[in-house]
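**Student:** Taking the hints into account, I'd like the entire structure generated from these sequences.
2 protein chains.
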Amino acid sequence: MSAEKFEKSKTIELRKKHVGPSCKIFFSHDPIKIVQAKGQYMYDEKGQCYLDCINNVAHVGHCHPDVVKAAAQQMELLNTNSRFLHDNLVFYAQRLQATLPEKLSVCYFVNSGSEANDLALRLARQYSGHKDIITLENAYHGHVSSLIDISPYKFHQLSDAEQNQFVHVAPSPDVYRGKYRADYSDPATAYANEVKAIIDTVHKKGGKIAAFIAESLQSCGGQVIPPVGYFQQVAKHVHKAGGLFIADEVQVGFGRVGTNFWAFQLQGEDFVPDIVTMGKPIGNGHPMSCVVTTREVAEAFMSSGMEYFNTFGGNPVSCAIGLAVLDVIVKEDLQGNALRVGQYLTNLLEKQKEKHPLIGDIRGCGLFVGVELVKDRLKLTPATAEAQEVIYKLKEQHILLSADGPHRNVLKFKPPMCFTMEDADLVVEKIDLILTGLYHIIAGTVLIAQMNEATCLV
Amino acid sequence: MSAEKFEKSKTIELRKKHVGPSCKIFFSHDPIKIVQAKGQYMYDEKGQCYLDCINNVAHVGHCHPDVVKAAAQQMELLNTNSRFLHDNLVFYAQRLQATLPEKLSVCYFVNSGSEANDLALRLARQYSGHKDIITLENAYHGHVSSLIDISPYKFHQLSDAEQNQFVHVAPSPDVYRGKYRADYSDPATAYANEVKAIIDTVHKKGGKIAAFIAESLQSCGGQVIPPVGYFQQVAKHVHKAGGLFIADEVQVGFGRVGTNFWAFQLQGEDFVPDIVTMGKPIGNGHPMSCVVTTREVAEAFMSSGMEYFNTFGGNPVSCAIGLAVLDVIVKEDLQGNALRVGQYLTNLLEKQKEKHPLIGDIRGCGLFVGVELVKDRLKLTPATAEAQEVIYKLKEQHILLSADGPHRNVLKFKPPMCFTMEDADLVVEKIDLILTGLYHIIAGTVLIAQMNEATCLV
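If you read the sequences in order, they're chains A and B. Under this note's numbering, the residues of the first sequence are numbered 3 to 460, in order. Under this note's numbering, the residues of the second sequence are numbered 3 to 460, in order.
Please note that the accuracy of each hint is not assured.
Note that the list lumps identical chains together, so a pair holds whenever it fits in one copy or between two copies.
Subject to a maximum C-alpha distance of 27 Å in a straight line, what follows is the list of computed DSSO-like cross-link-like pairs (lysine-lysine) [what the hints assert, rightly or not]:
hint, residue 1, residue 2
1, Lys71, Lys40
2, Lys10, Lys105
3, Lys397, Lys10
4, Lys71, Lys7
5, Lys133, Lys210
6, Lys181, Lys238
7, Lys207, Lys133
8, Lys12, Lys105
9, Lys10, Lys71
10, Lys105, Lys133
11, Lys71, Lys35
No lab work stands behind these hints: they were computed from the structure. Keep in mind that this is a model prediction, so the values were computed, not measured.
**Tutor:** Below, the structure is given as structure tokens:
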């Protein structure tokens, strides 16, 4: 198929006719048609280039030739299900395991982050024999029914009656805007004690905790970095209640945080989750994902007698792609690049914070960075409309960035891992210009239509 | 990666170590390692060829060059999410729509049959504002939590307490072994009345029906072909209760039944479901699937205000693959081939039925055929061990077939659609020889281990 088959207006018309209206589009009043991409750049139908600061799925760079080659070669040879023995499956499982603490040794291959998190809940419930789940405020864990139940980011739109009685929401460990802030003596303990309090309440009502689930760094929830030591203490409380700790690495895994391969490792070597779920970047865009757990949990899951079969999960093509992604991360030192460029970007943004009162907080690890915009640095009044204005003005400059968080006022950086210092210079320079110009704009000119764009780029 | 990286024993060892033990393998005491496949043939690490009678996922033939080429070309160009405009998405939606009745016009692209059926339930519940689901005895609709709830094939292993109170099970419309058989005056009405009775009971208890869901032809449930007129009557009862009819075409769609492109069309032109879910064959092995519904249902889903976003669903590569599959079906007249070869195969099997008392029933449409083995044609005593023996003996002859159904006594044919009359001759000839030999085997020699193999090849 050629890069463009229809005029853009026809594409829009057909989309309106044949694609579910709940499936939103970026910049809906003037959407972008992308026909090609390479590395950290995307190209529209006119050949105009956009710098991509948001597509963490294209982890090793859009259309990486090594990944494309691995996929094509394996597709020519064999693509079948995991009920047949195949070396790609076991070699890939072995390679993934090698990136994790030793006790996380058993893999389940599935097709999406949603399938991974759903399976993680099943594993935890089967292992513990319990039903209740603790999730974090503003969390997003996926789009299937069981995950909307544990995603306040989604279910806050529902009535109380529609919310699942087995799900309990703990405060987001956000030391900027949350209940316990950076000036609090020990926010890690304070937030963990909140989880303990929920467990106690559940127990009093006769419930039992199956799992605590959290993204290792909250993404849609506003690029939140939990204080070090929080996960260890939560795990202690949850284990005592007979439950498991599920670390959702769907958005943040595979070296993005720079110092470590997995974001949960930022908490320290003494923290090991019971279940890790992976997704998005794992296949550089190919639909695949994985759940890794301990032998003990896997054996308990098997003891139910119910087989687990996933038609596409772990097929030789998906595994070949997964292996190629791991190889490119090492070969091109993308984790190191994330560390260096992430640090450079954060430093540039810190300087902007000194200059622009609108920037309330800069937080991040590697190439996972949030810039929280506030109208008042003491009251932390969310600068939601301003964040949208920045996103729209950047788009005019051919830079793709997004805003998220409960107040949709956090600019989110999660670019392909080949992002360079020059790219960082460019985007920060443009943000500087836009923020400078913003002081001259009357707040009312920001369109409501634009505010509605501030959806999560999960 | 070369075709084989490890010795087979090492592959088995690594699999035991790193892959969830709930993930079963074919012929577990002597599994097959497949390294290559083409058309309807699979090859092991020694180059031995197997005739594939079971992999409906490899719909247009394993590793079809047109599909591989379309995938590779699009992977080189662009693979990103559906928040950007892209022609492959809208063109594919348009092409899929053209195969369906006009009112089924709105598509949601997802990654697996499980994601599709989960979304179908969400659509039905949002549209109707109701919660209760009616499903069929022995049904299998997927592996995520919400679908195990509606899959008696899976949840019969659970205790009553673990079963979902909003799920109600109607008798399988099986005219061979079910409640109303071929000799019953009007089994379609009788089975539909059973659904009506469930609706009445639900209403009496204060519940409300969101949907009735059924595979258009039951696959794992034992290759069951519902009597014509059953779906129309069920739809009438369900609509009257404010619910929707979901036709699950994950196993049986895309021309497999020969006379029609969709299996629900076997019921007649006067039947149109409200939601159709697709999967397995849609991408010839690539992880993708689709839900199609009416404008009315789609608008109701949007009115909740909740966005639907699926990271990988509807990406340009998946859509390019989906388009290539549709093209090959037409170009190679695979629907016509399914009709002709399916009829030929069924005729050959009918002759076997005359010869072998063990064959109780032959049923099928196109290349979806079931052979039910019974020890007694009057009592219909399931010949479970014998079915397993046939499967194992066929494997020794390098033919891959499977057995399923609640009694695991139904031989299931669902080969790649390029299956030929010569292939049919070969497999039926081998079955003839095996069945002839079986009369001389003492029942006790059939290993329990082999009986445990009789899992669903979903």
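**Student:** Can you tell me if lysine 10 and lysine 71 fall within 27 Å by alpha carbon in one copy, between copies, both or neither?
**Tutor:** between (30 Å within a copy, 26 Å between copies)
**Student:** Under a CA distance limit of 27 Å, which applies to lysine 71 and lysine 35: within one copy, between copies, both, or neither?
**Tutor:** both (26 Å within a copy, 23 Å between copies)
**Student:** My question is about lysine 71 and lysine 7: at a cut-off of 27 Å on alpha-carbon distance, are they close within one copy, between copies, both, or neither?
**Tutor:** Cα proximity of lysine 71 and lysine 7: in one copy and across copies (25 Å, 18 Å).
**Student:** Reference check for the pair lysine 181 and lysine 238, CA-CA at most 27 Å: within, between, both, or neither?
**Tutor:** within (21 Å within a copy, 54 Å between copies)
**Student:** Can you tell me if lysine 71 and lysine 40 fall within 27 Å by alpha carbon in one copy, between copies, both or neither?
**Tutor:** both (15 Å within a copy, 20 Å between copies)
**Student:** Taking 27 Å as the upper bound on the Cα-Cα distance, should lysine 207 and lysine 133 be classified as within, between, both, or neither?
**Tutor:** both (13 Å within a copy, 26 Å between copies)
**Student:** How do lysine 105 and lysine 133 come out at 27 Å by Cα distance, when the copy is not named: within, between, both, or neither?
**Tutor:** within (24 Å within a copy, 41 Å between copies)
**Student:** Evaluate lysine 397 and lysine 10 at a C-alpha cut-off of 27 Å and name the case that applies: within, between, both or neither.
**Tutor:** within (18 Å within a copy, 53 Å between copies)
**Student:** Is it within a copy, between copies, both, or neither that the alpha carbon of lysine 12 lies no farther than 27 Å from that of lysine 105?
**Tutor:** between (53 Å within a copy, 21 Å between copies)
**Student:** Measure nothing new, just compare the shortest in-copy and cross-copy C-alpha distances for lysine 10 and lysine 105 to 27 Å and report within, between, both or neither.
**Tutor:** between (51 Å within a copy, 25 Å between copies)
**Student:** At most 27 Å between alpha carbons: which applies to lysine 133 and lysine 210, within, between, both or neither?
**Tutor:** both (6 Å within a copy, 25 Å between copies)
Hint compliance for this structure: no hint is broken.
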